[in-house]
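Spelled out, the chains give:
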Amino acid sequence: MPDTQALVNDFLNKLKKRKIEGSQATAKQTAELLRSVISQTRMPYTNQAAALIHSVKAVGERLIAANPVELAVGNVVRRVLHIIREEDLSLTTAAMAGLNLSAESDDEDDTDRDNHPALSAAAIAAASRSTLRPPSLQTLLEDLPDSAAVPHTSSSGGDSEGKSKSADKSSRSRKLKHDVIEAVNELIQDISTCHELIAEQAVEHIHQNEVILTLGSSRTVLEFLCAAKEKKRSFRVFVAEGAPRYQGHLLAKELVTRGLQTTLITDSAVFAMISRVNMVIVGAHVVMANGGVIAPVGLNMVALAAQKHAVPFVVLAGSHKLCPLYPHHPEVLLNELRSPSELLDFGEFSDCLDFGSGIGAPLLHVVNPTFDYVPPKLVSLFITDTGGHNPSYMYRLIADYYSADDLVLERRTTSGN
Amino acid sequence: MGAQKKGATARVSEDAEELARHPLQAILLADSFTTKFRPITLERPKVLLPLVNIPMINYTLAWLESAGVEEVFVFCCAHSKQVIDYLESSEWSSQPNFSVTTIESHNSISAGDALRLIYERNVIHGDFVLISGDTVSNMSLIQAFQEHKDRRKKDANAIMTMVVKQSKPSPITQQSRLGTDELFMAINPVTKQLLYYEDKAEYSKGFISLDKTLIADNPSVILHNDKQDCYIDICSQEVLSLFTDNFDYQHLRRHFVKGLLVDDIMGYKIFTHEIHSSYAARIDNFRSYDTISKDIIQRWTYPFVPDVLCGSSAIKVERQGTYRASDVTLSRSAQLGSFAFIGQGTKIGNDTKISHSVIGERCTIGSNVTIEGSYIWNNVTIEDGCQLRNAIVCDGVILKSGAVLQPGVILSFKVVVGQQFVVPAYSKVSLLQQPTQQDSDEELEYADSTSGTGELRSDKLNGAIAPDLSETASELGTGGVGYIWTVFEGAYDEEWRHSVAPIPTNKLVKLMLDKDEDEELLTQDGNVISALELKTDSDGNGSEDDNNEDSRDDYVSFEKEVEATFLRAVHENVKVDLAVLEVNALRLSYNMASVDCGGAIFYSMMKLAVESPHNSASELHRNAADIVTTWQKLLKSFLHDIDEEIEVILKFEEMCLESAKEFAALFPQILHLLYDKEILQEDAILRWADEKEGADESDKVFLKRSEKFIQWLREAEEEEEEDE
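Quick note, the sequences are listed as chains D and S, same order.
All the letters of the first sequence, read from the start, carry residue numbers 1 to 417 under UniProt numbering.
All the letters of the second sequence, read from the start, carry residue numbers 1 to 724 under UniProt numbering.
None of these hints come from the bench; they were simulated from the model.
Be aware that a few hints might be false.
Partial chain S-side listing against chain D, Cβ under 10 Å, derived [as the list claims (entries may be wrong)]:
(1) P23
(2) Q228
(3) P668
BS3-like, lysine-lysine: derived pairs with alpha carbons at most 30 Å apart [stated by the list, open to error]:
(4) K700/S - K636/S
(5) K168/S - K36/S
(6) K19/D - K316/S
(7) K575/S - K507/S
(8) K14/D - K149/S
(9) K677/S - K560/S
(10) K17/D - K607/S
(11) K316/S - K14/D
(12) K316/S - K17/D
(13) K316/S - K16/D
(14) K560/S - K377/D
(15) K168/S - K57/D
(16) K575/S - K515/S
(17) K19/D - K149/S
Residues of chain D placed beyond 10 Å of chain S at every Cβ, according to the derived structure [claimed, not checked]:
(18) R18
(19) S39
(20) T46
(21) R236
(22) L250
(23) S268
(24) F271
(25) M279
(26) N300
(27) P330
(28) P340
(29) G347
(30) L353
(31) P362
(32) V367
(33) G388
We treat Cβ as the ideally placed atom computed from N, Cα and C, and that holds for glycine.
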């Protein structure tokens, strides 16, 4: 596995050095990395799912530690873990259904329980998990055969069937890996197409002659606006420049080349302009489980202005940005302080930063946070690749994407912080 | 070493194919070839000293790696074993696409020697980055490299690109924020060619001279004094061969750069590349250590900041720029001020206050400790009630309860400071004895050529005992272990410039006054020499009116010696007679008059009074009174006539103005005290008053303050006369 090891290290390095920009790219690369980890994992005869989960978790923990601020990494790791569990569950239930038929003839329950502890353990775990998990439509449908299968697990196969069963198992193991990789591929597909999926909904939200305000630059927002433009909607866009990185300038340029009527304003002019705006559409860094948003700095101010003037505040976020964690102290703990040089020129201010004279302590402190936290009550609507959602609905959405077990694992690593 | 050689020869064979495209290479000098970080560097190489809790070399390597350098040659000289061991055990030895190779040498004494050795190894195959292991930066090398390459295509003589950054020097101290001297560079604004480089300009002269041909050859020249040399050079291979050709090149700047600039036969050119938004600085002395640490904490070096380098799960940034590791034991009543950094496993007790400081790993800090602007490394124990201001405390140091570190103190590895002991300002304390005076003098003079050996020689010196410095370890209080290094003659004056502590205000005021006078004089007639003379006059040393600079230096060091003698007498309860004898011996050896002795002793007494802890003016007065009472005999034995007594008053006046301002308010009281103790006769005081009567308004501040007392004296005198 030196191959994946090198890949992992390389990716870790990039994460640490903050060389990957944007959560979509990060999410996609994480998923691709985990796919190769899964394909390289040697499968044992028993409990393959646990082995996969273990190796994914081991890599995942390191990835998350490399840049805890980039929550998309953790999201994708959890998604992959969830996929493994789901695939395992569906395979087990399928196998269970098959075994149940044959098991009725044999009744040597107790001896066999020892012979196949792993199998039964996995089944019990699956059962317990399904009870832990909040009921979603999918699990509600699955629940019935699953719980029925559990008591019958022990009554599985006699010695005569041993050989055929191991053959069956190895094919199952290959099948599990295959299914998981298949599902991860789907996830990667989802991540890369999330812009299109979100943009498809643009026409439903942007109407003729509206004024849209956005801040900074987000690819999702760009695609969204362009999709509406392509559908012959005519509307105007106000772009707040997004100091100190001024990515709004780039967005404005891009919008103009695509033929959109664009107005560039400073961040501080947002409040003055908001009364003319029909809708605020922005991108997000991460959407938390409570519906709060970690977004580029300045957006909290925009959200407050929008609320004051009752302008809808719409957040676009691909499903890889949904984070199952709840924010605690997000302004500090989930933030990244960047270099002050983005704000002011070091040379010009170098005499203010001379610690040799005066009290010897810096009198000037430049704070350059990357993110803002927008509380859920300020958000009117989330548009994800699955459609529009209310902030209060986020936790249900998250329950569909993640298993409760994986949150516990993460909580242990993050509690070490 | 063997492996490296093999690697080198292997490289040579590949050379032909590699010429087309070679990996980006860097030479990292893991030795500064100076002694500025002594005594710490006697035990550990400078590049491994922790800078905000991470060894300096890690910042340099991390930057090189992220800037796209693929091959780094680390040149180790002093403590090479430690550097190599560290690199082998660190993450750097196992990076893909980034190889770190060490080159060891035991007899290189300068950067020039190092480069000559690297040239012999034949490992550099193209343009390379030349930096030292104490450089912190986050600049992108791509653009600078491209510029360098483009220039090279047009002009094969453009062999070096120097990275500079704007940074204004302080107008008062004439030094940059990094504690280096003000740097003058003449740069052609169009081509960016460097035309003149002077880092040791003589400020007393007030002007610098440029070669006439500079102006003639270049349509425009801009002379900068607000550029900081980042000591990041992009060099072509020729640089190495130039060092080999000119075997007397030692220092990169002083010899090499200046040499190329004046040499017009070969026509080699140096260009500059200015960086704006990114950061680059080199740790040259203790002041830059302090400044750069603060820059890192303020995140100018992002992404090379502790929470990113160590992984953010280990260290978190909190409000007010405080960094805290995950498992710190912090008492509920402890106060963490802004810009504090607390490392892993450190315990902090009740009511302890910490601000603007870096505290390393596994330290134990007691209750009621005050730590301000200090750098505390790993495994340090600080007991209850200690006070630390602007100090550097190395690994394994123990401060017993109540110990006080005054600004600028450096405690080297494993020093123990005794209970209630006050370590005086700017002292350097080490378990190792100071190398003998002669050696250090030599080093000061030829710092560039011999300092490297100095660092090496240290191992031999460990066992040697310097005869004149045989003070016992108890000079650090009861239970203390370590030697206080005496400051080199003449260097004391400069100590505050490069210390971690901020420059004391009285120094700044003095410098400002000096400067004003200089300027006035220069505008008058531009006579430089008279400016010098006047400066010594303005120092207010009555007895030295006609002396030149040299004897003033002598007097300063004499004063120091007397002070040290007096302090020893106080701490070790030496008998007054013996003290008198000692001071007399000093007087003879420095060829001073007894006038000077009286002044110097009085100065030391008052200084002791100021430095012993006190909260209010009245306590200070009591301190002074105690000391004067105990030692009046000593003082009296040097005050034989009225002139000498007047000298004491003048000395006191000077102190109140400069070094011990706290006394200013107490001036009349102390005068009264001295009169009461019969140290000063009333005649002396009255004569002083009469003398001052004619002085400038500004000089009469203290006269006015003590008007009442003098009035009283006069009346008493008159009464006496009447009685008769």
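Right, here's what the structure says about each hint:
1. Look at P23/S: its Cβ only gets to about 17 Å from chain D, farther than 10 Å, so that hint breaks.
2. Contact between Q228/S and chain D, as hinted, is supported at the beta carbon level, the nearest pair being about 8 Å apart and thus within 10 Å.
3. Restraint check, P668/S versus chain D: the minimum CB separation of about 31 Å is more than 10 Å; hint violated.
4. At most 30 Å may separate the alpha-carbon atoms for a hinted pair to count; K700/S and K636/S meet this at roughly 26 Å.
5. Between K168/S and K36/S the CA atoms are separated by roughly 23 Å; this keeps the pair inside 30 Å, and the hint holds.
6. As the CA atoms of K19/D and K316/S are separated by approximately 20 Å, the hinted pair is consistent with the 30 Å bound.
7. At most 30 Å may separate the alpha-carbon atoms for a hinted pair to count; K575/S and K507/S exceed this at roughly 35 Å.
8. Proposed proximity of K14/D and K149/S is supported: the alpha carbons are some 28 Å apart, at most 30 Å.
9. Proposed proximity of K677/S and K560/S is supported: the alpha carbons are some 26 Å apart, at most 30 Å.
10. Between K17/D and K607/S, the direct Cα distance comes to roughly 52 Å. Violation of the 30 Å bound is thereby established for this hinted pair.
11. For the given pair, K316/S sits about 20 Å from K14/D by alpha-carbon distance, which is consistent with the 30 Å threshold.
12. For the given pair, K316/S sits about 16 Å from K17/D by alpha-carbon distance, which is consistent with the 30 Å threshold.
13. At roughly 15 Å between alpha-carbon atoms, K316/S and K16/D fall within 30 Å of each other, so this suggested pair holds.
14. Annotation: proposed proximity of K560/S to K377/D is violated, straight-line Cα distance about 70 Å (limit 30 Å).
15. Pair hint K168/S plus K57/D does not hold up; C-alpha atoms about 51 Å apart against a cutoff of 30 Å.
16. For the suggested pair K575/S and K515/S, the alpha carbons sit about 44 Å apart, so the restraint of at most 30 Å is broken.
17. For the hint linking K19/D to K149/S, the alpha-carbon distance of about 26 Å falls within 30 Å, and the restraint holds.
18. With a least beta-carbon separation of about 5 Å from chain S, R18/D fails to lie farther than 10 Å from that chain, contradicting its non-interface assignment.
19. With a cut of 10 Å on Cβ distances, S39/D stays outside the contact zone with chain S, its closest approach being about 21 Å.
20. With a closest Cβ-Cβ approach of about 33 Å to chain S, T46/D is found to remain outside the 10 Å limit, as its non-interface label requires.
21. Against chain S, the non-interface label of R236/D holds: every CB pair exceeds 10 Å, the least being about 33 Å.
22. With a least CB separation of 17 Å from chain S, L250/D remains clear of the 10 Å interface cut-off, as annotated.
23. Its beta-carbon lying about 22 Å from the closest one in chain S, S268/D satisfies the requirement of being farther than 10 Å from that chain.
24. Residue placement check: F271/D keeps its beta carbon more than 10 Å from all beta carbons of chain S (closest about 26 Å).
25. Against the 10 Å criterion, M279/D stays outside the reach of chain S, whose nearest CB is about 34 Å from its own CB.
26. Interface exclusion of N300/D from chain S stands, the closest Cβ pair being 17 Å apart, more than 10 Å.
27. Every Cβ of chain S is farther than 10 Å from the Cβ of P330/D; the closest lies at roughly 13 Å, confirming the non-interface assignment.
28. At roughly 6 Å, the least C-beta separation between P340/D and chain S is not larger than 10 Å, which violates its mark as non-interface.
29. For G347/D, the requirement that its beta carbon stay farther than 10 Å from each beta carbon of chain S is not met, with the minimum near 3 Å.
30. Listed as outside the interface, L353/D is inconsistent with that label: its C-beta sits roughly 6 Å from the nearest C-beta of chain S, within the 10 Å cut-off.
31. Chain S draws P362/D into its interface by the beta-carbon criterion, the shortest separation being 6 Å against a cut-off of 10 Å.
32. Consistency note on V367/D: stated as away from chain S, yet its beta-carbon is not over 10 Å from all of that chain's, at 8 Å minimum.
33. Against chain S, the non-interface label of G388/D holds: every CB pair exceeds 10 Å, the least being about 34 Å.
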